[in-house]
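Q: Take a look at the letters that make up each chain.
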Amino acid sequence: MSNIIQIDHLNKSFASVKAVQDLSFRVKEGSLFAFLGINGAGKSTTINIMCGQLAKDSGRVLINGHDLDRDSAQIKRDFGVVFQYSVLDAALSVYDNLESRAALYGMSKTEFKQRLAELAKLLDFEDLLKRSVGKLSGGQRRRIDIARALFHKPKILILDEPTTGLDPQTRKTLWNVIAGLRKNENMTVFLTTHYMEEAAEADHVVIIDDGKIIAEGTPLALKNKYADDHVTIYGIEEDAVRSLGLPYEQVPNGYRLTLANPKAATELILHHPQLFQDYEITKGKMDDIFLAVTGKTLVEGAN
Amino acid sequence: MSAFLILVKRNIKLFFKDKGMFFTSLITPLILLVLYVTFLGNVYRDNFTSLLPDTLQLSSGLIDGLVGGQLVSSILAVSCVTVAFCSNFLMVQDKVSGAIKDFRIAPIKSSVLSLSYYMATLLSTLIICLIAMGICLGYLAVVGWYLSFADVCFLFLDIVLLVLFGTALSSIINFFLSTQGQISAVGTIISAGYGFICGAYMPIYSFGETLQKIISFLPGTYGTSLIRNHTMQGVLAEMKAQGIPEAGMKELRDLLDCNLYFFGHQVDLPVMYLIVGIAVVVLIMLYVLLNKCKKQK
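As you go down the protein sequences, you meet chains A and B in turn.
In terms of this note's numbering, the first sequence has 101 at position 101, counting the first letter as 1, and numbering is strictly consecutive.
In terms of this note's numbering, the second sequence has 119 at position 119, counting the first letter as 1, and numbering is strictly consecutive.
Examples of chain B residues toward chain A, derived with CB under 8 angstroms:
(1) 1
(2) 6
(3) 10
(4) 13
(5) 14
(6) 17
(7) 18
(8) 97
(9) 98
(10) 102
(11) 103
(12) 104
(13) 106
(14) 108
Only some residues are given here: those of chain A computed to face chain B with a beta carbon under 7 angstroms:
(15) 76
(16) 77
(17) 81
(18) 89
Honestly, the hints are just simulated from the structure, not real lab data.
These numbers were taken from a predicted model, which means no experiment stands behind them.
Note that beta-carbon positions come from the ideal geometry of N, C-alpha and C, so glycine has one too.
Kindly generate the complete structure, drawing on both the sequences and the hints.
A: In structure tokens:
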């Protein structure tokens, strides 16, 4: 896979505040890329620079082979953006909203109607076209936001906390649609989120803090590097757990031991097979990684 | 699909769908008309009749026609600018709602975007001001009609020109606004202040000499005078025919701001058109330039 986004030594300051400092990363074409950080970490600044909304102080941004300094108009065609909050016109109908946005990309009336039919079917909003956006539920509005972002068939879909405030069912539906787009159209997805389980599905994760990259890699590599593994033993007395001499905590119906890696877990089970009648091994979570590298939780950062 | 036309359509639809914005705009000229008729009509009438010599007797219909022309011209002169400001607040609301961000991530020229706001505001304001003009002409027909067909045509032209001016002026001022609070503040200032500085609420002779000189530099003053001329020249001609001497007519035209002076020199009607026309072109160019020069932060 080639790099569809290539950022080298990006810097951006607002007065004395260094919002982005020497940021460099790559995003593979067709991948799901998670960009994590608390509010104010520099995520939005980076996205705004990539989309041509903010000028950078220095550095190089290449999108789909185009240099941001020379081909910003072309780059704008490569991006579809789902903003954190819906920016569609609440007073206008879904049809009017999408028509005005499609016109920005120079689509003909025929192209507009054809694409509208495709997306309405894909995102299941055929019966919402005449409804005012302001009268839609959160989940329905999010589907329209995604349709707006996909209207011009972008190569890269930027999702800025797309599922914040949505119910689990709607979140699941949206992720199914996005998974379909990645599979069928090889679309690259650039995600920022506060939901760590969404980031855990990414091909590559970058965590930034104070405008700098503090950790990056695949979720598995990050878990192995920054998060402990856990073995949960059910139906056991606390004395037996204590005798193992390892840190533990009580959980419903059992105790959870913290271990450095899967190898340590395997050795423990082999040495004490009588204790492991009912147990499970779990890897560290993305939340643990985030806490380990930033010393903060995303939820705290969001508040 | 032309992005420009679709955006103009979107902006006009949003203006008319936003009941707050639309009714505020529409109600402004109506409120002014009611206030003028209720409170200021008698003041204008008394002022005017006190100026007439005892020997000259004018019919009440003629006086009502003159006072009506004065009221109507004031309302229309103010409405063309204040309604444009109300309508053009969409530009600021798009910044508040984030819609402008959605437009700017698309490969569309900023000049297309800015001119779409201008055109939509122009059309929305024209619709409302022409409705107001219709109501005002209806009022004149009731109290005393002295307008010729040419006067009505010129009045239409004056309104189009003043709406062009109001839209361009509001575009430049709104360019610098970005919050709901700023919209309210500017809306209040314009509604309260513009009528005074364009000579619509108070006759210019009632201001101090320095203020009169400052007002003579403002293009809106000449727009007001154009409307005054075309709503009152019929009734003034009738007064002249009924025996008011030429010197008295000149004084009357001066008092009613039909005659305007720039450092003592009388400004003719074609020059007034030229002043407002040039102001419109300069303001539009400035607006486009502001949008082009707007650098990314």
